[in-house]
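Fit chain H to the given chain E structure using the hints.
There are 2 protein chains.
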Amino acid sequence: MPSELRKDPLSQRWVIIAAERARRPGDFEVEPEPVPPGFDPFAAGNEAKTPPEIAAYREPGTAPNTPGWRVRVVPNKFPALQVEGTLNKRGDGIYDRMQGIGAHEVIIDAPQCVRSFTALSDVAVQEMVWMYRDRLVDLRRDKRLKYGMVFKNVGVAAGATLYHSHSQLIVTPILPRAVQQKLESCVQFYEYRGRCLVCDMLSQEAETKTRVVLDSGLFLSFEPYAPRTPFETWVVPKNHESHFEDIQTQACEELAFILKRTVARIEKGLGAVPYNFMLTSSPFDSGPLAHFHWHIEIVPRMTRLAGFEWGTGFYVNPVPPEEAAEFLRTVTL
Amino acid sequence: MPSELRKDPLSQRWVIIAAERARRPGDFEVEPEPVPPGFDPFAAGNEAKTPPEIAAYREPGTAPNTPGWRVRVVPNKFPALQVEGTLNKRGDGIYDRMQGIGAHEVIIDAPQCVRSFTALSDVAVQEMVWMYRDRLVDLRRDKRLKYGMVFKNVGVAAGATLYHSHSQLIVTPILPRAVQQKLESCVQFYEYRGRCLVCDMLSQEAETKTRVVLDSGLFLSFEPYAPRTPFETWVVPKNHESHFEDIQTQACEELAFILKRTVARIEKGLGAVPYNFMLTSSPFDSGPLAHFHWHIEIVPRMTRLAGFEWGTGFYVNPVPPEEAAEFLRTVTL
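Line by line, the protein sequences give chains E and H.
Each residue of the first sequence is one higher than the last, beginning at 1 in the numbering used here.
Each residue of the second sequence is one higher than the last, beginning at 1 in the numbering used here.
One chain only, chain E, in its complex shape (with noise of 0.2 Å):
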């Protein structure tokens, strides 16, 4: 079969379907996993090991930085951005160039020394949902701050110095490229056809079927049409919403629900595969947005971004995200 050219629409980026290319070897190698630490400064008991808490779901009457917590945030021990200080935006010749400020915070996911969160109970994951929105709706009440990602990196190759399952979340006083090319790309269409780019997708999905994972009702999990990786999965609200910070609580249990069971069918199909997943919203500072749609990207990572990837931002994909659904579909857990 001879490889394909799709785009992405939402990001624009172009992707070279090339199933030819997954017989060639070494390209699924998965790395070793870093086993369970000897010591775990995530879990119960251990509070005075990461810096003081920022927030917490904790069992009323225990104190903060103790025992007694179900998903507990604290800000990063090596952040790459801080709350202190001001922008001090300015020029260094024909450069520019701005102080790093923002949040860096880890959230623990639940006390328990799991890898992945497909491990926790229901009610934990929706706990860590529902702590992400309430970190965001917190944060977003600064007004030096633009935007806000929420994402996890699990196992070595995805990122993950740590083996204890946490979410991060990084809020940026600019808003990312990667984020304004989809909202560009997102008001584009809304100007030509009238309607949200996302919900248009969503529409064909569940009409077309092959890359559909799972349809939990309020929510769909499927392939994208251009994947950058095999087996990237995203996990989307099937009515209309732009910011995640406003999910309706029956929406948080639904979605707790569907993005567990779609990890789950990775981990269970695949092994213990490295991973990554993106929370992406909109900027803090618009309401609600007709032409953006919030989502949920989980990108596994098995192969390996090399130079053309660096230079182009084309992708390479051994698997066909239609392929790659039926196989996920297929999965029992």
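Worth flagging that the hints you see were computed from the coordinates, not collected in a lab.
Mixed in with the good hints there might be a few duds.
Pairs count within a copy or across copies, as identical chains cannot be separated in the list.
[To be verified] With a straight-line Cα cutoff of 27 Å, these simulated DSSO-like cross-link-like pairs (lysine-lysine) come out:
1) 209 - 268
2) 146 - 238
3) 7 - 238
4) 7 - 143
5) 238 - 209
6) 209 - 7
7) 77 - 209
8) 77 - 7
Here is chain H on its own, set in the frame of chain E:
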């Protein structure tokens, strides 16, 4: 030291320079390197183990696909794109697709089985670089093709699957987004200032000197203002030139000289790190451009891309480029 946000004017991406994070354990873990293979399909004498050669520099009187070559070009055995066929651009509901027409070639740098081209003689490196030129000149005659990216993947973490030093060339039927973005930045700058952006960068770098690694007269190697990874280094011709393929013979000799010594300093200073290098030139269908300037980016791969980078297009780099350049300047070869 608090972190700093810096913008790369060419790609328009922002980078967080977070020196604090350099102390984070595991940040600079270098992966185990592949060992020289028991069987080497790229060695002289094994020509039958690759697809038939497309081009070679070889001793007079030696036949194609036999020993006697110094640089040899073959099709990639698992090509991402292929020359045969028609583009057949078409829609797929709201999506866009086309056939994977293009070229994917492997340039075997030399018959000797070395890991990195820096172990080759200066003359051999010149021939490697000159072969890049020959292949681009040949391929741009095909009107279906829009852009050629020459790159190297050295080391497992950089995407290499073979040890024997080689380069690759992928030619695409559309202009890649990353290149398009650079072109747009340069057009904007040219419209506003009437000068080439990269020429202005070179002036500033040569004047401030803090990020310069080597100055060979015709070329400058320096750490970019907003590098994606620790020790990212660019090699750029000082005289304005939009198309690498138009390089003068004398400049080619000097490019080989500075490229080899720049990468050798990285390898001597940091160990046999995995790295990518990407040569960005102008689109095939344009004549000489006043606003664009070809350049080579060398990207050591000691840090891992995680969810934040994937989701935002932002990079977090724990090593300020001024410190990286100072370090590389002190390395003696």
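Right, here's what the structure says about each hint:
1. 209 - 268: within (22 Å within a copy, 53 Å between copies)
2. 146 - 238: within (26 Å within a copy, 38 Å between copies)
3. 7 - 238: The answer is within: 22 Å in one copy meets 27 Å, while 36 Å across copies does not.
4. 7 - 143: between (35 Å within a copy, 21 Å between copies)
5. 238 - 209: within (14 Å within a copy, 54 Å between copies)
6. 209 - 7: within (19 Å within a copy, 41 Å between copies)
7. 77 - 209: Neither: 44 Å inside a copy, 34 Å across copies.
8. 77 - 7: between (38 Å within a copy, 25 Å between copies)
In this structure, the one hint that does not hold is number 7.
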